[in-house]
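**Q** Mind the numbering: the sequence shown is residues -20 to -1, 1 to 86 in mature numbering (1 follows the signal peptide of the UniProt record, and there is no 0), read in order.
Fair warning: there could be bad hints in the mix.
[Claimed, not checked] 20 Å max Cα-Cα, derived SDA-like pairs, lysine to any residue:
id	residue 1	residue 2
1	Lys30	Lys77
2	Lys39	Lys86
3	Lys77	Asn51
4	Lys77	Ala62
5	Lys45	Asn26
6	Lys69	Glu25
7	Lys77	Lys50
8	Lys30	Ala46
9	Lys86	Lys38
10	Lys38	Ala16
11	Lys24	Ala42
12	Lys45	Glu25
13	Lys50	Asn68
14	Lys50	Leu61
Hints are computed from structural coordinates only; laboratory data are not their basis.
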Amino acid sequence: MKIKLITAALACLLTFAAHALTLKDAKSSGYLGEQADGYLGLVKENSEAKALMLSVNKKRLARFKAIAKKNKTSVADVAALAGEKFINKTAKGNYIKTSSGKWKKK
């Protein structure tokens, strides 16, 4: 009986993991977009996309801090440069936030 419960629980976990939203999927589905400040923004409300956005932005901030410290510059300057690069590299059809604060497809 315990084996069946464990097997069922693992199957549920694997099913959830198989359906986990990737950054690429979230951007191509229009849930997330790139912003000039170097961070992802939430284009359409979706709890899974929001959790992914928060996770990625936390990692980006840590990376920006490390680069800023190494280069003796501000985190904001590093983030802005990264934002420009992320916007330039984002795929056509994905969302970017304009300087007026509106989302548009690239």
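**Q** Compare the structure with each hint and give your call.
**A** Tested hints:
1. Lys30 x Lys77: holds (16 Å)
2. Lys39 x Lys86: Violated, at roughly 24 Å.
3. Lys77 x Asn51: Violated, at roughly 27 Å.
4. Lys77 x Ala62: Distance ~14 Å between Lys77 and Ala62 Cα, so the pair holds.
5. Lys45 x Asn26: Given that 20 Å is the threshold and the Cα spacing comes to 28 Å, the pair is violated.
6. Lys69 x Glu25: Violated, because 24 Å separates the two Cα atoms, which is more than 20 Å.
7. Lys77 x Lys50: violated (29 Å)
8. Lys30 x Ala46: Status violated; Cα separation ~24 Å.
9. Lys86 x Lys38: Since the Cα atoms of Lys86 and Lys38 sit roughly 24 Å apart, the hinted pair is violated (cutoff 20 Å).
10. Lys38 x Ala16: holds (16 Å)
11. Lys24 x Ala42: violated (25 Å)
12. Lys45 x Glu25: violated (28 Å)
13. Lys50 x Asn68: violated (24 Å)
14. Lys50 x Leu61: holds (15 Å)
The structure shown violates the earlier hints numbered 2, 3, 5, 6, 7, 8, 9, 11, 12 and 13.
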